[in-house]
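Starting from the given sequences, assemble the full structure and let the hints guide the process.
Number of protein chains: 2
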Amino acid sequence: MSEGNLLYAQSGGVTAVINTTAAAVIETARKQKKIGRVLAAKNGIIGVLREELIDTGAESAEAIHALRHTPGGAFGSCRFKLKSMDEHRPQYERLIDVFRAHDIRWFLYNGGNDSADTSNKLSQIAEAMGYPLRCIGVPKTVDNDLVITDCCPGFGSVAKYTAVSILEASLDVASMHESSTKVFIMEVMGRHAGWIAAAAGLAGNRANEAPHLILFPEVVFDEEKFLAKVKATVESVGWCSIVVSEGVKNTEGKFLSEVGTRDAFGHAQLGGVAPMLADLVKRKLGYKYHWALPDYLQRSARHIASRTDFEQAYAVGKAAVEYAVKGMNAVMPVIKRKSQNPYVWTVEPAALANIANHEKKMPPSFIRADGYGITAAARKYLQPLIEGEAPPPYRPDGLPDYVQLKNKLLKQKLPKYVISDK
Amino acid sequence: MSEGNLLYAQSGGVTAVINTTAAAVIETARKQKKIGRVLAAKNGIIGVLREELIDTGAESAEAIHALRHTPGGAFGSCRFKLKSMDEHRPQYERLIDVFRAHDIRWFLYNGGNDSADTSNKLSQIAEAMGYPLRCIGVPKTVDNDLVITDCCPGFGSVAKYTAVSILEASLDVASMHESSTKVFIMEVMGRHAGWIAAAAGLAGNRANEAPHLILFPEVVFDEEKFLAKVKATVESVGWCSIVVSEGVKNTEGKFLSEVGTRDAFGHAQLGGVAPMLADLVKRKLGYKYHWALPDYLQRSARHIASRTDFEQAYAVGKAAVEYAVKGMNAVMPVIKRKSQNPYVWTVEPAALANIANHEKKMPPSFIRADGYGITAAARKYLQPLIEGEAPPPYRPDGLPDYVQLKNKLLKQKLPKYVISDK
Chain F
1 MSEGNLLYAQ SGGVTAVINT TAAAVIETAR KQKKIGRVLA AKNGIIGVLR EELIDTGAES
61 AEAIHALRHT PGGAFGSCRF KLKSMDEHRP QYERLIDVFR AHDIRWFLYN GGNDSADTSN
121 KLSQIAEAMG YPLRCIGVPK TVDNDLVITD CCPGFGSVAK YTAVSILEAS LDVASMHESS
181 TKVFIMEVMG RHAGWIAAAA GLAGNRANEA PHLILFPEVV FDEEKFLAKV KATVESVGWC
241 SIVVSEGVKN TEGKFLSEVG TRDAFGHAQL GGVAPMLADL VKRKLGYKYH WALPDYLQRS
301 ARHIASRTDF EQAYAVGKAA VEYAVKGMNA VMPVIKRKSQ NPYVWTVEPA ALANIANHEK
361 KMPPSFIRAD GYGITAAARK YLQPLIEGEA PPPYRPDGLP DYVQLKNKLL KQKLPKYVIS
421 DK
Chain P
1 MSEGNLLYAQ SGGVTAVINT TAAAVIETAR KQKKIGRVLA AKNGIIGVLR EELIDTGAES
61 AEAIHALRHT PGGAFGSCRF KLKSMDEHRP QYERLIDVFR AHDIRWFLYN GGNDSADTSN
121 KLSQIAEAMG YPLRCIGVPK TVDNDLVITD CCPGFGSVAK YTAVSILEAS LDVASMHESS
181 TKVFIMEVMG RHAGWIAAAA GLAGNRANEA PHLILFPEVV FDEEKFLAKV KATVESVGWC
241 SIVVSEGVKN TEGKFLSEVG TRDAFGHAQL GGVAPMLADL VKRKLGYKYH WALPDYLQRS
301 ARHIASRTDF EQAYAVGKAA VEYAVKGMNA VMPVIKRKSQ NPYVWTVEPA ALANIANHEK
361 KMPPSFIRAD GYGITAAARK YLQPLIEGEA PPPYRPDGLP DYVQLKNKLL KQKLPKYVIS
421 DK
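Going down the list, the sequences are from chains F and P. The numbers in the first sequence follow our numbering, run straight up by one, and end at 422. The numbers in the second sequence follow our numbering, run straight up by one, and end at 422.
Check the hints yourself; a few may be wrong.
It does not matter which identical chain is used: a pair holds within one copy or between any two.
With a straight-line Cα cutoff of 30 Å, these simulated DSS-like cross-link-like pairs (lysine-lysine) come out [stated by the list, open to error]:
#, residue 1, residue 2
1, K83, K288
2, K81, K282
3, K81, K318
4, K336, K318
5, K361, K83
6, K231, K249
7, K249, K288
8, K380, K406
9, K288, K406
10, K288, K416
11, K361, K288
12, K249, K282
Please keep in mind that the hints were generated in silico from the structure rather than gathered at the bench. The model shown is predicted, which means the values in this text are computed figures rather than measured ones.
In structure tokens form, the structure reads like this:
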């Protein structure tokens with residue numbers, strides 16, 4: 001006998017494996033007798049506020065299974081932070097109204113810090129309002145910035161993409177450097193922490209192996225030292241491969257990408273610290289350069305997902321449902337590293353209160369003394385996260401066989417709600 | 001009994017599968033009794049001029065086999081165009097001197113138009129000088145701009161990378177558009193022809209499928225029409241995914257990437273038509289944007305190579321050696337499409353004289369009437385080229401198992417030569 005329905009929502013920037021977690025949630029929930037319908041919010045928490053709820057029961061088992069290897073957020077995600085309860089209590093009450101109208105007893109929120117905070121607050125307000133709700137946070141973020149968990153699903157795949165991409169592009173530059181490109185710069189995501197930039201360091205380890213320089217947001221940019229390093233590398237290796245985090249800042253704490261240049265109309269530069277550094281290298285050292293900025297390609301590259309990441313993304317989704325039906329509340333399934341070699345991990349519950357609004361920084365011990373590379377400690381931590389492959393199936397036409405869901409909306413039961421402070 | 005040695009050289013921008021061709025050349029040549037040593041030029045034709053020749057006999061069969069799945073140019077490539085024979089005959093004579101000194105009777109030059117021209121001229125000057133040399137051009141270019149051949153090895157893989165990347169990134173944008181990015185722009189290579197941009201069109205076919213707009217170098221950029229298309233797409237689909245070729249030009253025939261903006265120092269913009277268009281969209285339409293510029297990542301992405309491309313790259317290398325030992329001269333193995341459905345192709349010899357200095361343009365019939373997409377004819381041509389996968393083996397640490405050759409140089413026999421007009 002069903003005790004009510006379960007609602008799953010995706011939040012924040014999507015990843016190559018957030019749908020893997022979604023598949024795990026739906027597949028696991030479908031087996032639970034306690035759970036009636038498995039619903040998903042259209043475009044995350046915005047869809048809950050608007051009472052735009054998707055009935056995943058309309059999707060076949062095959063379609064849900066195919067979600068495991070489909071990037072993006074299948075139900076839509078959003079960048080929308082609820083205000084504090086003091087500031088905007090009606091918004092929280094609206095959420096509870098929607099839960100009540102659709103007999104939603106379990107809410108699984110798949111996101112990062114903000115989502116953990118929202119889930120935690122929702123569990124409190126539900127209790128205060130006397131509505132029986134279990135809130136589970138489900139970890140997801142390419143930024144790898146959640147505390148307590150050893151790593152965040154989504155990060156391992158962007159890490160693998162980054163390491164493979166700089167390895168491949170560096171082989172290209174190595175073969176062209178004699179008469180063409182001498183310096184290659186790839187910009188990666190990571191506005192506040194250098195986790196993704198650090199992962200690029202896995203591409204090479206021995207002396208003179210690419211990437212030769214990594215620029216972290218944790219290390220203040222020193223133009224003179226940077227140029228000297230580039231020059232020394234080109235003179236000894238013949239060429240230089242550089243990975244730069246979008247979050248690199250100058251001595252005044254400003255993003256390099258924002259202070260560098262202005263366009264013809266006086267607008268701040270169109271984005272990108274890579275082109276700015278490339279220009280600097282050209283002006284000061286005269287080297288021919290190329291630069292790349294993969295942007296969304298890096299976090300949606302399901303075709304080069306890490307198997308570790310894929311398995312962890314599935315495991316947290318499965319655990320979240322299991323915790324929910326056990327009656328656990330305001331928790332998140334987190335990944336614990338049980339053993340380094342061989343790499344063994346498990347999933348455990350952790351209180352949302354200890355995760356919400358905290359940010360995991362990259363340990364200073366992960367950055368090499370000269371500031372331009374990673375240490376053995378970083379390598380030890382990062383290495384297992386990119387291990388193994390989990391390729392999607394391919395269609396006969398050569399494209400990955402990604403699924404498109406029907407996303408059939410439930411009939412609305414409540415008055416229309418306008419999100420006033422969006 | 002060996003009749004002499006074979007020299008293989010790589011030229012121009014490298015690809016994901018130029019080493020596949022190199023592996024085919026070496027593996028096929030090793031089986032030929034007529035061929036003594038199989039040599040490779042270090043950094044292409046520059047290495048021949050400098051008498052920097054690599055003895056591939058120092059490499060194990062396993063290493064050569066691993067070349068098949070290693071991107072970049074294993075022996076080094078170069079951007080170096082020999083002047084005309086009238087202008088610089090001594091350079092051609094130097095090449096013949098090096099061939100003579102190392103008993104090189106077969107020269108296989110793996111490149112594009114320029115290389116075909118060089119091979120053709122070399123065969124002529126060798127004959128004029130009474131030196132017995134067979135010159136074979138081996139096709140390679142991501143630009144797909146060689147005539148006679150149905151397609152160029154290297155193109156199919158960059159085409160697949162491009163289609164897969166825009167498919168994945170578009171799934172990302174689709175899931176974020178409600179509250180975040182509305183317009184995504186990916187810039188691809190193709191300074192003179194829109195082959196790579198066209199390949200992105202394979203990612204979607206049905207109405208409203210991404211990419212919604214493709215900007216070709218063949219179509220003059222019309223700002224007003226472009227903005228209207230973007231606006232209409234965002235209003236009907238909710239978001240807009242755009243692929244732009246680096247070679248898009250304005251009404252005055254200038255590259256958009258060069259005229260758009262200048263930096264704070266008055267330098268021409270740091271490169272990239274994608275950021276320029278993104279800025280335009282933001283200023284004129286107010287949409288939040290993201291843009292990507294994969295640059296070398298697209299042509300070195302061996303991990304997502306097309307199997308068709310991989311097999312063709314191997315086939316032309318094998319055929320080149322077979323033609324060489326048969327005594328053919330001044331020819332190139334080209335790909336012929338024998339059947340469309342099922343896709344069947346074969347390799348045939350074509351005269352270098354008919355290939356050198358010609359450039360294959362994309363047929364106007366491949367571009368949709370509105371100028372922003374591909375036609376059924378383009379789809380029919382492009383589709384088979386991205387079919388099938390040819391993933392590299394992976395190491396236990398999660399990285400592709402790319403090989404690094406020893407590249408042992410032969411002892412020099414001639415006086416040092418300085419390339420005067422490099």
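Hint by hint, where does the structure go against what was stated? Just the numbers, ascending. No hint contradicted; all consistent.
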